[in-house]
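Visitor: Here is how the chains run, residue by residue.
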Amino acid sequence: MAKLTIDRETCKGCGLCADVCPKHLLALSREINAKGYHPIGITDQEACIGCAFCARMCPDAVIKVEK
Amino acid sequence: MAVVYEKTKLLTDKPLHYCPGCTHGIIHRLVAEVIDELGVQEKTIGIAPVGCAVFAYDYFNCDMMEAAHGRAPAVATGCKRVNPKNVVFTYQGDGDLASIGAAEITHAATRGENITVIFVNNAIYGMTGGQMAPTTLPGQVTTTSPYGRDPKLCGYPIRVSEMLATLDGPAFIARVSVHDVKHIMEAKKAIRKAFEMQIAGKGFSMVEVLSACPTNWGMTPQEALKWLADNMIPQYPLGVKKEVE
Ligand SMILES: Cc1ncc(C[n+]2csc(CCOP(=O)(O)OP(=O)(O)O)c2C)c(N)n1
Ligand code: SF4
Ligand code: SF4
Ligand code: SF4
Ligand SMILES: [Mg+2]
Numbered sequence: 001m002a003k004l005t006i007d008r009e010t011c012k013g014c015g016l017c018a019d020v021c022p023k024h025l026l027a028l029s030r031e032i033n034a035k036g037y038h039p040i041g042i043t044d045q046e047a048c049i050g051c052a053f054c055a056r057m058c059p060d061a062v063i064k065v066e067k
Numbered sequence: 001m002a003v004v005y006e007k008t009k010l011l012t013d014k015p016l017h018y019c020p021g022c023t024h025g026i027i028h029r030l031v032a033e034v035i036d037e038l039g040v041q042e043k044t045i046g047i048a049p050v051g052c053a054v055f056a057y058d059y060f061n062c063d064m065m066e067a068a069h070g071r072a073p074a075v076a077t078g079c080k081r082v083n084p085k086n087v088v089f090t091y092q093g094d095g096d097l098a099s100i101g102a103a104e105i106t107h108a109a110t111r112g113e114n115i116t117v118i119f120v121n122n123a124i125y126g127m128t129g130g131q132m133a134p135t136t137l138p139g140q141v142t143t144t145s146p147y148g149r150d151p152k153l154c155g156y157p158i159r160v161s162e163m164l165a166t167l168d169g170p171a172f173i174a175r176v177s178v179h180d181v182k183h184i185m186e187a188k189k190a191i192r193k194a195f196e197m198q199i200a201g202k203g204f205s206m207v208e209v210l211s212a213c214p215t216n217w218g219m220t221p222q223e224a225l226k227w228l229a230d231n232m233i234p235q236y237p238l239g240v241k242k243e244v245e
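First to last, the protein sequences are chains A and Z.
Taking this note's numbering, the leading residue of the first sequence gets 1, the next gets one more, and so forth.
Taking this note's numbering, the leading residue of the second sequence gets 1, the next gets one more, and so forth.
Because the hints were derived from the structure by calculation, they are not lab data.
Fair warning: there could be bad hints in the mix.
[Unchecked claim] Using 16 Å as the maximum straight-line C-alpha spacing, the simulated EDC-like pairs for lysine to aspartate or glutamate come out as follows:
(1) Z:LYS14 <-> A:GLU66
(2) A:LYS64 <-> Z:ASP150
(3) Z:LYS189 <-> Z:ASP36
(4) A:LYS64 <-> Z:GLU33
(5) Z:LYS14 <-> A:ASP19
(6) Z:LYS182 <-> A:ASP19
(7) Z:LYS7 <-> A:GLU66
(8) A:LYS64 <-> Z:ASP13
(9) Z:LYS7 <-> A:ASP19
(10) Z:LYS226 <-> A:ASP19
(11) A:LYS3 <-> Z:GLU6
(12) A:LYS67 <-> Z:ASP58
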């Protein structure tokens with residue numbers, strides 16, 4: 001199992017990470033962060049394979065991946 | 001648990017001011033990761049441009065300078081010649097490098113100046129509100145080409161990498177893209193190669209990175225990456241344009 005740490009206050013809700021997740025585990029949250037964006041969240045942490053595609057795609061270095 | 005991926009220490013904690021989905025951020029990250037991995041943080045000097053990346057000096061955790069519009073290669077020349085042990089890079093947009101700075105980049109390249117240039121080509125002037133750049137595609141709508149760029153009136157886009165590769169001075173010139181993970185990995189390899197060429201004293205190195213400007217292209221981040229792949233890559237073919245032994 002892998003672990004994702006998302007810096008929700010830095011996320012700009014662009015969704016580029018979600019588009020590259022091979023497991024389709026990422027989706028924008030309903031909440032809004034201090035910047036006014038819907039930050040990304042992981043829908044099923046157990047299913048994450050730790051490939052870090054999401055982190056490599058993110059323009060804002062929001063995601064840390066551990067495995 | 002081992003870390004598979006985390007933000008490099010070569011980027012400061014300051015949040016990037018770029019628009020959501022702007023690929024300037026990806027390119028910053030790749031350059032920072034390469035400087036970190038090569039272990040040259042203490043002797044690296046980056047030169048920031050005028051353009052959306054004007055605040056790059058706040059983001060890179062190494063010495064940084066700000067140059068007048070288009071003049072980053074001239075400032076980099078000074079930084080490198082004063083102390084050739086410095087690792088010196090410029091980070092420039094297409095308006096900065098290919099229009100107002102066309103002379104500086106051309107002469108730095110032909111002198112074989114031992115610096116590394118990161119050239120971010122998003123086919124538009126991002127910072128000033130989306131005007132036509134020398135790199136704007138034929139037919140591309142911008143605020144100064146509202147009916148699409150007409151080459152009969154405005155000329156054709158400049159393929160900077162191919163043009164500079166005709167010169168004898170440059171040691172390494174490549175064009176890459178960051179529209180998906182595979183290309184991001186390839187872009188990082190080319191950026192690493194460019195810095196390695198400089199460190200080995202081979203001479204001028206440049207990596208042109210095709211980049212998206214969702215805001216001024218009037219697209220979502222997703223549409224912008226697709227537009228880049230479908231329209232920019234045919235106009236600006238990827239690959240190594242020049243490499244000396
Ligand atoms: C001497 C001078 N002329 C014009 C400008 C206005 N100006 C600021 S940024 C820019 C172009 C930016 O475009 P680009 O280099 O492509 O960077 P981007 O914002 O697209 O990353 C221009 C013309 C200026 N700041 N200084
Ligand atoms: S690490 Fe891979 S599987 Fe896990 S969320 Fe990111 S892209 Fe999806
Ligand atoms: S790519 Fe980065 S900034 Fe964009 S939604 Fe994902 S985590 Fe947030
Ligand atoms: S205007 Fe374009 S290039 Fe500038 S930060 Fe926004 S998306 Fe990026
Ligand atoms: Mg530009």
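Visitor: For each hint, tell me whether it holds in the structure or not.
Guide: Outcome of the hint check:
no.	hint	in the structure
1	Z:LYS14 <-> A:GLU66	23 Å, violated
2	A:LYS64 <-> Z:ASP150	45 Å, violated
3	Z:LYS189 <-> Z:ASP36	14 Å, holds
4	A:LYS64 <-> Z:GLU33	14 Å, holds
5	Z:LYS14 <-> A:ASP19	26 Å, violated
6	Z:LYS182 <-> A:ASP19	14 Å, holds
7	Z:LYS7 <-> A:GLU66	12 Å, holds
8	A:LYS64 <-> Z:ASP13	14 Å, holds
9	Z:LYS7 <-> A:ASP19	20 Å, violated
10	Z:LYS226 <-> A:ASP19	12 Å, holds
11	A:LYS3 <-> Z:GLU6	12 Å, holds
12	A:LYS67 <-> Z:ASP58	31 Å, violated
In this structure, the hints that do not hold are numbers 1, 2, 5, 9 and 12, in rising order.
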